[in-house]
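There are 2 protein chains.
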Amino acid sequence: MSGRRPYGADTGGSPRPGSSQPRARRARQVADVLRQQITGGAFDSGTLPDERALGAQFHASRNAVREALGILRDEGLIARRRGVGTTVLMPKYGHGLDRLAGLAETLTGYGPLTNEVRAAHRVAEPPAAVAERLSLAPGTGAVYIERVRRMGGLPLSLDATYLAADIGVPLLDLDLAGRDLFALIEETTGGRLGRAEVAVHAVTAGPDVAGLLDVPVGAAVFAIDRLTHLADGRPVDAESLHIRADRLTLHATLHRGAPHPG
Amino acid sequence: MSGRRPYGADTGGSPRPGSSQPRARRARQVADVLRQQITGGAFDSGTLPDERALGAQFHASRNAVREALGILRDEGLIARRRGVGTTVLMPKYGHGLDRLAGLAETLTGYGPLTNEVRAAHRVAEPPAAVAERLSLAPGTGAVYIERVRRMGGLPLSLDATYLAADIGVPLLDLDLAGRDLFALIEETTGGRLGRAEVAVHAVTAGPDVAGLLDVPVGAAVFAIDRLTHLADGRPVDAESLHIRADRLTLHATLHRGAPHPG
Chain G
1 MSGRRPYGAD
11 TGGSPRPGSS
21 QPRARRARQV
31 ADVLRQQITG
41 GAFDSGTLPD
51 ERALGAQFHA
61 SRNAVREALG
71 ILRDEGLIAR
81 RRGVGTTVLM
91 PKYGHGLDRL
101 AGLAETLTGY
111 GPLTNEVRAA
121 HRVAEPPAAV
131 AERLSLAPGT
141 GAVYIERVRR
151 MGGLPLSLDA
161 TYLAADIGVP
171 LLDLDLAGRD
181 LFALIEETTG
191 GRLGRAEVAV
201 HAVTAGPDVA
211 GLLDVPVGAA
221 VFAIDRLTHL
231 ADGRPVDAES
241 LHIRADRLTL
251 HATLHRGAPH
261 PG
Chain F
1 MSGRRPYGAD
11 TGGSPRPGSS
21 QPRARRARQV
31 ADVLRQQITG
41 GAFDSGTLPD
51 ERALGAQFHA
61 SRNAVREALG
71 ILRDEGLIAR
81 RRGVGTTVLM
91 PKYGHGLDRL
101 AGLAETLTGY
111 GPLTNEVRAA
121 HRVAEPPAAV
131 AERLSLAPGT
141 GAVYIERVRR
151 MGGLPLSLDA
161 TYLAADIGVP
171 LLDLDLAGRD
181 LFALIEETTG
191 GRLGRAEVAV
201 HAVTAGPDVA
211 GLLDVPVGAA
221 VFAIDRLTHL
231 ADGRPVDAES
241 LHIRADRLTL
251 HATLHRGAPH
261 PG
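For the record, the sequence lines run as chains G and F.
Sequential numbering of the first sequence, starting at 1, is according to the UniProt record's numbering.
Sequential numbering of the second sequence, starting at 1, is according to the UniProt record's numbering.
Okay, chain G solo, but in the shape it has when bound (with noise of 0.2 Å):
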């Protein structure tokens, strides 16, 4: 896939617990306070101070600035071109963790979201475990849609869902490359739709997610199980996203529970 090592190989898997060099290890530093304020949008102006400057405000040296905005350019969130200094490359768009939506719900006021409709068709088997997730009764099938989104005409995400068949084939006439899922279930079931179990892993986009998200092999993206309910409780809606990470930022605003042993 990538040319790098991978997990666990002979070359390397014991750890080098205290081997962060100087200025490795302010480089992560800097990056880290500098992505915080890029997708903050600290830098409206479309462009950071130049290394000089970064070096007095982090008390780091050039090289070390330097090597800070290899770990952002190498993340997608900047460019560094001679003469024009660093940029920052695109706005990050924010997608909350704190309630059920789709994209275009979350992201409306950015410019139209519209969706390259990849596929769209019944599935007479779906995979055993997506049959079991969907809690299908045998030979019902499944519907299997898939489309690139692209926000500003740039693709965001890549969202491939099994839907329960009677679910499903209603949503395959309608605007599948102007609107949310959820919207379209909604709407043909009359009803809202109930909770979605997410999990939300962090992977390396292989060379068909790269392809189609216009990203490099081995960057960065969001890999999303979402499966969805309708309100009451029958999973609907199995889906996978691979979203790019280089636009858009999770968000959630976490509350403190009940105490628990520290």
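Keep in mind the hints are simulated off the structure, nothing from the lab.
Only a predicted model underlies this, so the values are computations on that prediction, with no experimental measurement involved.
Cβ atoms here follow ideal geometry from the backbone N, Cα and C, with glycine treated the same way.
There may be inaccurate statements among the hints.
Simulated DEER-style distance windows between Cβ atoms [claimed, not checked]:
(1) A56/G x G85/F: 34 to 44 Å
(2) P91/F x F43/G: 38 to 48 Å
(3) A231/G x P170/F: 47 to 57 Å
(4) R52/F x R122/G: 43 to 53 Å
(5) Q21/F x T189/G: 34 to 44 Å
(6) T189/G x D173/F: 52 to 62 Å
(7) G85/F x D50/G: 19 to 29 Å
(8) D173/F x L154/G: 45 to 55 Å
(9) A53/F x D50/G: 51 to 61 Å
If you want the footprint, here are the derived chain F segments under chain G, 3+ residues with CB under 8 Å [what the hints assert, rightly or not]:
(10) 41-55
(11) 198-204
(12) 219-232
Could you slot chain F onto chain G? The hints should help.
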């Protein structure tokens, strides 16, 4: 950093819609289902079915299955060894995104979480962006604490945080190697913490993070900004977390709120 093509490089800024190869696409689809199964604990025996069985189950070619397993190996989820087959490397812990909790609180029951304290000291001049986030009065300084957290002896996360001085200084004498900061702050202040704003990024590990977390350079990791407030709303704890994405999944159960325009 890694040798891969950078974002927006001249070599391939153009989207490749529809360029998805059938095998790569099938591999991605199979990998998505298997990832959900692995992280959901479906292979408690620790071993996956062999390539032929997986091919039959997914109606996929042997090559597509092999490519799917390659994706999951690159994510650090499985190992493939001749004569042994495909094994799940380690359990993936779940960290809830529904309430504010420290890692040790969330992961009770998985065994001891230990911390290597890499830094714990006063900082006279924290970065301006940090001072602003913490609403520090000029000249009051801050406390910086950096820890590598291990579960079962293996690195799980790198936690670096700036604390307001009055909150952080009392922590410097306490059991930073054994306890969550949240619990320590609540003990020293005598009150519960309030809310935290959390921003979750997926990034690739740079050299410093890779070395400290013992993952390959270029591996996907979560980078999390978390700003935690006291119950009265005062921000006191500005953290940058890096978490191994092969060891931790972020979980949430989301509920459908009020209707939005779809």
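Status of each hint after checking the structure:
1. A56/G x G85/F: 34 to 44 Å: Given range 34 to 44 Å: violated, Cβ gap about 56 Å.
2. P91/F x F43/G: 38 to 48 Å: 40 Å, holds
3. A231/G x P170/F: 47 to 57 Å: Cβ of A231/G to Cβ of P170/F: about 48 Å, so the range 47 to 57 Å holds.
4. R52/F x R122/G: 43 to 53 Å: Once the Cβ atoms are compared, 27 Å apart, the range 43 to 53 Å for R122/G and R52/F is violated.
5. Q21/F x T189/G: 34 to 44 Å: 36 Å, holds
6. T189/G x D173/F: 52 to 62 Å: Holds, at about 59 Å.
7. G85/F x D50/G: 19 to 29 Å: About 54 Å separates the Cβ atoms of G85/F and D50/G, which means 19 to 29 Å is violated.
8. D173/F x L154/G: 45 to 55 Å: Taking Cβ atoms as reference, D173/F and L154/G lie about 51 Å apart, which means the hint holds.
9. A53/F x D50/G: 51 to 61 Å: Distance hint for A53/F, D50/G holds at roughly 58 Å.
10. 41-55: violated (count 1)
11. 198-204: holds (count 7)
12. 219-232: holds (count 7)
The structure is inconsistent with the numbered hints 1, 4, 7 and 10, although it conforms to all the rest.
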